[in-house]
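Asks: From first to last, the protein sequence lines stand for chains X and Y.
So that you can map any letter, position 288 of the first sequence is 288 in this note's numbering, and since no number is skipped, the others follow by simple counting.
So that you can map any letter, position 6 of the second sequence is 1006 in this note's numbering, and since no number is skipped, the others follow by simple counting.
Calculated directly from the structure, the hints in this document are not laboratory data.
A virtual CB, placed ideally from N, CA and C, is assigned to each residue, including glycine.
Wrong hints could be hidden among the right ones.
Unchecked claim - Computed beta-carbon distance windows for the label pairs:
#1 X:LYS178 with Y:ALA1088: 20 to 30 Å
#2 X:PRO35 with Y:ASP1183: 28 to 38 Å
#3 X:GLU275 with Y:ARG1308: 42 to 52 Å
#4 X:ARG206 with Y:ARG1134: 33 to 43 Å
#5 Y:LEU1174 with X:SER122: 57 to 67 Å
#6 Y:GLU1060 with X:ARG206: 30 to 40 Å
#7 X:TYR85 with Y:GLY1025: 34 to 44 Å
#8 X:GLU23 with Y:ASP1138: 50 to 60 Å
#9 Y:ASN1058 with X:GLU23: 25 to 35 Å
#10 Y:GLU1060 with X:GLU375: 40 to 50 Å
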Amino acid sequence: MKFVCLSPSFPENYANFWRSLKERGATVLGIDSLPYDRLGDEVKKSLTEYYRVNDMENYDELLRACGYFTHRYGRIDRIESHNEYWLDRDARLRTDFNVEGFKTGDLLNVRYKSRMKEVFRSIGIPVARGKIVRNLEEGRALAAETGWPVCVKPDCGVGASSTYKFHSEEELEVFFRKKPSGDFLMEEFIRGEIQTFDGLVDREGRVVFMSSFVLPDCGIMEMVSYEMDTMHYTLRKLPDDLVDFGLKTVKAFGLRERFFHIEFFRTDKGLVALEINARPPGGWCIDMFNYANDADLYDQYAGMVLEGRVSAALDRPYHVYYIGLKEREHIRRAHGRDEILKSFGSMIVRHGPIIPLFAPAMGDYAYLLRSSELEPLQHAAAYIAERA
Amino acid sequence: MNYIFISPNFPPNYVNFSIRLKERGARVLGIGSDPYEQLSPELRGALTEYYRVYDMENYEGVLQACGFFTHKFGKIDRIESHNEYWLAQDARLRTDFNVFGFKDRDMGPIKYKSRMKDVFRSAEIPVALGRVVRSIDDARDLIAETGWPVCAKPDSGVGAAHTYKLHDDDDLQLFFDSKPKIDYIMEEFIEGEIHTFDGLADRDSRVIFMNTFIFEKGVMETVNEGLDMFYYSLREIPGDILDYGTRAVEAFGLKERFFHIEFFRTEKGLVALEVNARPPGGWSMDIFNYENDADLYDRYAQLVTEGRMDEASARPYYTAYVGLKERENVFRAHTREESVEAYGDLMVHRGPIESIFSAAIGDYAYVLRSPDLSPLKEAAAFILDRR
């Protein structure tokens, strides 16, 4: 198995994927623009060969790199970065080298939120009312149906970047006056906690691992926009409606041999689909899967790619709680780090700083706690995040 | 444009494709198993690089060669052999490198005669009654409909190899006793001359160059009975051939390719025999050129590099191909020298045929041309005359 990984040293924890793939017998081939000596030791050890390009945004260089690997090692079996930003590029390379996985033509439904909405609708999963708005008039007309506030986001965009919440026509007018280029989708604003359906799907489209995060009170959108701390936790028992919608979604989008991350709002009237991501949830989420299951999902993924199956029992014996604290000069905490570790050290499985790129969404310093019960975790989270 | 030419030195006249492509600005990259030193100087001059593999039948090696070219020159734009034998491998390489042209999934109707028949039928082009037969009983059921004789040929096969004409049940028994373990298609035997529709289709499956050859005897009989080969081109394409031919090109999705479509001309009209997604073999490309006072290698190169082609002249000549079997037991009425003396003014080309083709098209051949057909037939009769 020849596995080409793009940007093997980003994010850092994905080095675990490459190590597991190598340990299970794959030839792991890396492409990136970093000089070889700046790759981490773990990555260096995992790669059979590294091809350095000058610019990862220059597709021709990547194509030639894959040409080189094809020449040297024969047919490439997988091309993967597990990274939202590179989804299109990964798919294009797969198309150009006829490699298993999402090809360029398969990607539109997960890339464009408007098409995503259509797919959700086609399988009877409720979505927020909304559509692409091209000008203020169209926005005004839609708001007349949905009421204020509304949520406006790029039709093709990653995470919560360039995502806005508008409370009035005046705010919408300001937006349209200097609207960035590209299509924007406007939707009714949905209230409710976010429940995700995450997991791993095998080559035949069977979900072989599932998990759910609950993001209380507000979504990433507000966390990015305000200086709020980030909290989410994994469920041990997944609600039936979530599993039902989740499995239908994985099937409808044709996901294969991939991690996925699907977001729903839990509203008074039930679940409303927000979006699907054809990659693992970011930050420390894979590590949270690991703590929640006492398993190694990096390695389970490698096993699925190489042997077509997962071997671990992934039945979620623990809840895992993520608390990402914003560290700003004007934010004062009621309890210091030492105090926190002293009080809840038995539950804390990991703590450490978050890299700046992820900090707006994930906080600057994070704690992972786990317990078989949710209540003590909530208690600890409130303590850790308490502001003075 | 990166144009990979598979086996660029075969057949020898196809070297002209590489030469013209280079002249038109394409970067021509060759893959073959012959040592570089064995390529002609003209071909070496046309190729930017040649990658020698040990065995063209080893797909992985050819794939790695294309990987090398991708690495060195960037995205590959075309992969082509213009050769029936490599059609499937060309398609596989195009699939694996996402290159314009026939991919694996397009090959079914070209490769399997049974599926070809289905496509002809869907385009409402008449075909011989027949289908794949799995057993002798199955064959007898079919023959109850068609009557004797029948024609049996591999469902997936090139040219007239392993093709049989069966006259009665004894032949059928013998055929089933000795037939290789591959699918065979059995058809009613169609009597008639073979008339072709050949040409070049552009990227939108429009026919931008066309030709019709008339074969006085079927190729199969030529091979099996050791007959000479004689065929000639028409100056006017008959209306029914033009109609069926253009429909077939469209139905088979032929794009930016030469093609060679064979029909039987029967009392009841045309019956489609087969489609070949490559130029007709032997010297046919050169015959196109003599027929039109044009260079079709270059027109093709223009089509590939510019997406369009200058209008070809409208066939100012009839041409004829006269291929002679030169065997010990064949005695000619006239020597080569006598033929040249008598009809040299009509001859535009003559010479020996490579042994690999000689079973089908003769050991020594003449190409004749004239604005009129009758002098060509007269000359052919003279040249072919046996004692």
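Asks: Determine which of the earlier numbered hints do not hold for this structure and return their numbers in increasing order.
Replies: Hints 1, 2 and 10 not satisfied by this model.
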